[in-house]
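Number of protein chains: 2
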Amino acid sequence: MTNRPSTALLTDHYELTMLQAALHSGAASRQCVFETFARRLPSGRRYGVLAGTGRVLDAIEDFRFGDAELADLSEREVVDATTLDFLADYRFEGNVWGYAEGETYFPYSPVLVVESDFAHGVILETIILSILNHDTAVASAASRMTGAAGARPVIEMGSRRTHDGAAVSAARAAYIAGFASSSNLEAGRRHGVPTGGTAAHAFTLLHESEREAFRAQVASLGTDTTLLVDTYDVGEGVNTAIEVAGAGLGGVRLDSGDLVVQASEVREQLDSLGAAGTKIVVTSDLDEYAIAALAAAPVDTYGVGTRVVTGSGHPTASMVYKLVAREDDDGEMIGVAKQSQDKISVGGRKYALRRRNELGVVEAEVLGIGEQPVNDGDDRDLLVPLVTAGEVIGREHCTLAAARARHEASMAELPRSAHQLSEGQPAVETVFLTETP
Amino acid sequence: MTNRPSTALLTDHYELTMLQAALHSGAASRQCVFETFARRLPSGRRYGVLAGTGRVLDAIEDFRFGDAELADLSEREVVDATTLDFLADYRFEGNVWGYAEGETYFPYSPVLVVESDFAHGVILETIILSILNHDTAVASAASRMTGAAGARPVIEMGSRRTHDGAAVSAARAAYIAGFASSSNLEAGRRHGVPTGGTAAHAFTLLHESEREAFRAQVASLGTDTTLLVDTYDVGEGVNTAIEVAGAGLGGVRLDSGDLVVQASEVREQLDSLGAAGTKIVVTSDLDEYAIAALAAAPVDTYGVGTRVVTGSGHPTASMVYKLVAREDDDGEMIGVAKQSQDKISVGGRKYALRRRNELGVVEAEVLGIGEQPVNDGDDRDLLVPLVTAGEVIGREHCTLAAARARHEASMAELPRSAHQLSEGQPAVETVFLTETP
Chain A
1 MTNRPSTALL TDHYELTMLQ AALHSGAASR QCVFETFARR LPSGRRYGVL
51 AGTGRVLDAI EDFRFGDAEL ADLSEREVVD ATTLDFLADY RFEGNVWGYA
101 EGETYFPYSP VLVVESDFAH GVILETIILS ILNHDTAVAS AASRMTGAAG
151 ARPVIEMGSR RTHDGAAVSA ARAAYIAGFA SSSNLEAGRR HGVPTGGTAA
201 HAFTLLHESE REAFRAQVAS LGTDTTLLVD TYDVGEGVNT AIEVAGAGLG
251 GVRLDSGDLV VQASEVREQL DSLGAAGTKI VVTSDLDEYA IAALAAAPVD
301 TYGVGTRVVT GSGHPTASMV YKLVAREDDD GEMIGVAKQS QDKISVGGRK
351 YALRRRNELG VVEAEVLGIG EQPVNDGDDR DLLVPLVTAG EVIGREHCTL
401 AAARARHEAS MAELPRSAHQ LSEGQPAVET VFLTETP
Chain B
1 MTNRPSTALL TDHYELTMLQ AALHSGAASR QCVFETFARR LPSGRRYGVL
51 AGTGRVLDAI EDFRFGDAEL ADLSEREVVD ATTLDFLADY RFEGNVWGYA
101 EGETYFPYSP VLVVESDFAH GVILETIILS ILNHDTAVAS AASRMTGAAG
151 ARPVIEMGSR RTHDGAAVSA ARAAYIAGFA SSSNLEAGRR HGVPTGGTAA
201 HAFTLLHESE REAFRAQVAS LGTDTTLLVD TYDVGEGVNT AIEVAGAGLG
251 GVRLDSGDLV VQASEVREQL DSLGAAGTKI VVTSDLDEYA IAALAAAPVD
301 TYGVGTRVVT GSGHPTASMV YKLVAREDDD GEMIGVAKQS QDKISVGGRK
351 YALRRRNELG VVEAEVLGIG EQPVNDGDDR DLLVPLVTAG EVIGREHCTL
401 AAARARHEAS MAELPRSAHQ LSEGQPAVET VFLTETP
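These protein sequences, in sequence, are chains A and B. At position 36 of the first sequence (counting the first as 1) the number is 36 in UniProt numbering, and the numbers step up by one without a gap. At position 333 of the second sequence (counting the first as 1) the number is 333 in UniProt numbering, and the numbers step up by one without a gap.
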């Protein structure tokens with residue numbers, strides 16, 4: 001047990017009623033394989049970035065039905081007494097494999113694979129999808145932004161534009177995808193994300209004049225601080241900022257207006273005032289496209305809010321959690337899939353390999369059904385063990401540092417087309433290997 | 001103190017550094033008014049629905065810096081010792097006014113007004129905005145969906161497509177806006193939202209045949225259950241469902257295909273099998289437009305996932321928290337606003353009234369600056385007291401039942417244009433009253 005709250009009720013009602021029916025029929029004990037994957041990337045995107053795996057491991061450990069949870073389910077008559085007894089003893093006892101956190105992914109990449117009996121695996125569906133769909137949506141958008149920013153740091157500051165709990169996870173996901181820091185203090189405490197910030201217009205408006213506000217900020221926070229210069233007139237604001245803080249001022253922030261023009265003007269002004277080292281931070285409704293448009297402007301740091309925490313138009317990653325194989329009456333594992341006219345559903349346990357050419361550039365996402373594709377030496381096997389017989393063993397693949405490094409390494413080996421912001425096909429093709437007869 | 005966890009670190013870094021600077025300059029003790037409002041509705045929307053106010057009241061009560069929070073801020077050197085001392089004793093001591101939860105709103109409606117000194121008010125910005133921006137985005141989308149569904153119930157089932165914590169709040173917000181129930185168990189426990197569910201394809205695939213799966217579900221959950229009939233062939237699925245459960249089967253669910261055509265075919269089939277009372281539940285990627293398109297189809301219940309929890313294209317409500325008035329050096333309150341070319345910023349404390357004609361139909365959102373607009377008897381004053389001198393007194397305006405009733409009553413008095421799904425202007429105009437000289 002951990003000190004964290006139970007995650008058991010962060011679950012859809014039907015997971016527990018299906019469990020009840022399966023306990024009743026006896027099918028609950030059948031061995032199963034559940035796979036988490038996205039049938040497609042968000043429209044026009046070239047790749048996705050997996051995030052949330054570390055949170056999933058915590059959530060599986062914390063998936064315990066304590067007295068409070070059981071009392072609620074009993075009182076509201078969600079499930080019967082037999083099912084409550086099962087839940088009281090519930091501990092996940094199966095295996096989990098997955099892509100390392102921070103890894104890029106493509107359509108049908110089996111980013112998380114759960115092996116267990118039906119009862120133990122089915123009720124994890126909702127919490128696994130909630131975490132991976134959210135965190136992956138944010139990381140995937142964030143990765144495009146850090147790609148567009150190149151060497152310039154990007155700060156996540158979208159907490160106010162997303163759910164209070166989601167904000168903490170969004171900060172973590174953005175950091176994995178290369179953001180330099182976040183404004184969210186709880187992300188600092190809980191996940192170790194570096195935090196920072198500047199000042200708001202309210203701070204300037206609180207004082208009798210901009211000069212008084214700047215004096216107060218510099219006196220308390222030092223000259224290395226960043227002053228917000230666009231409350232009244234930017235040109236005057238910059239002059240006042242340097243008068244108050246001196247040419248050693250850390251930075252100025254622009255939060256409105258035509259940033260391309262304004263950044264150049266402010267850079268010239270700062271240079272003419274001898275403040276060549278004072279940085280320019282821009283923060284006005286930026287996304288990957290706005291960042292790219294500022295590539296030639298003398299901007300030092302980007303602050304991104306709404307667009308990163310809402311996935312830049314794609315707030316969820318469309319991941320699903322599907323039963324792909326199960327034990328039959330004879331104890332043999334068989335592949336299963338829903339019949340569908342409009343969606344590809346491929347039964348059977350998948351194994352994944354990233355095919356790379358001799359230069360290390362990715363050529364395909366190769367999925368073997370029921371067996372591991374052959375690695376010719378240049379390739380990379382993608383599934384790592386995360387949980388074995390109920391015990392979390394894969395934390396090393398999900399630390400903040402490891403996930404951030406994995407994202408960077410994974411991006412470096414993708415073909416150049418992955419870095420295009422324009423709409424297009426996934427940068428590499430997903431290939432299913434099927435046995436030849 | 002409550003048993004809920006502290007909300008104090010769900011806050012942007014710069015709120016605390018601004019506090020530090022203002023404590024240093026002495027401006028921290030100036031009386032201030034902060035207003036929460038949206039400058040615009042999401043593009044083309046006719047109205048918004050405020051949600052989250054009840055959660056804001058909890059968050060203000062829980063905004064306490066305990067040992068763990070203070071130790072973290074100290075260790076990471078976020079603020080200085082003076083500021084830590086202030087935070088250790090922090091209790092919000094000001095007043096909060098706001099629209100009742102569930103109320104409709106329009107551009108510039110002052111949905112939450114905080115009166116306190118700068119120090120006590122500024123650091124609530126992030127948590128207030130996180131809650132209101134998320135919950136309001138969901139409620140605003142949900143309201144359009146329940147409007148399109150008319151008398152037919154709509155079920156929220158989007159937990160897996162949004163952050164695990166956001167899912168609970170989304171269920172609450174959707175219920176306020178008229179949804180009948182949610183799949184989210186924690187929303188049932190924490191907020192009292194009714195929960196329910198059907199079954200997934202995995203349950204059918206687990207069994208040797210659809211018939212075996214249906215038998216298991218009916219045996220355990222009774223004939224009043226809803227069977228998912230589209231795993232293989234819908235026509236066969238419906239036949240099997242009625243054979244297994246009898247003509248008293250509660251419902252069948254369709255989760256794919258052309259629902260308009262399929263609902264009619266299934267209705268005919270059910271009727272021909274004597275199952276006239278068996279309901280049809282549809283659930284495939286629905287939003288308000290898809291619901292409207294099914295108005296003439298024989299559908300009984302809609303299940304909505306992704307699109308409601310992500311705000312149907314608008315996952316955040318664009319609310320801001322602005323300093324609009326503060327004490328000056330002489331102790332007088334003065335209006336303040338940032339200078340801006342592209343945004344209207346109106347200084348001064350706002351008072352709000354919904355102007356209604358003699359038939360009770362809303363004609364305008366009237367905002368008085370510094371004074372309450374005159375209510376001619378048909379009108380409705382919008383701001384209710386929520387917190388007085390730090391004590392929460394307005395819970396009656398934020399219970400789930402009250403908010404749901406408020407939403408319904410507020411919708412009933414809007415002009416008909418509010419109910420149009422097509423893009424357009426806000427259904428009523430926002431009018432600022434300014435003193436004539």
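Since the hints were derived computationally from the structure, they do not count as laboratory data. This structure is a prediction, so every number in the text was calculated from the model and none was measured. One or more hints might be untrue.
Example chain A residues on the side facing chain B (calculated, C-beta under 8 Å, incomplete) [what the hints assert, rightly or not]:
| # | residue |
| --- | --- |
| 1 | 197 |
| 2 | 231 |
| 3 | 235 |
Built from N, CA and C at the ideal position, the CB exists for glycine as well.
Hold the hint about residue 231 of chain A up to the distance rule: shortest CB distance to chain B must be less than 8 Å.
holds (5 Å)
Report holds or violated for the interface hint on residue 197 of chain A, using the least CB-CB distance to chain B and a cut-off of 8 Å.
The hint holds - residue 197 of chain A has a Cβ within 8 Å of chain B, the shortest such distance being about 3 Å.
Should the hint that residue 235 of chain A touches chain B count as held when the rule is a Cβ pair under 8 Å?
violated (13 Å)
When the structure is compared with the earlier hints, a violation turns up for hint 3 alone.
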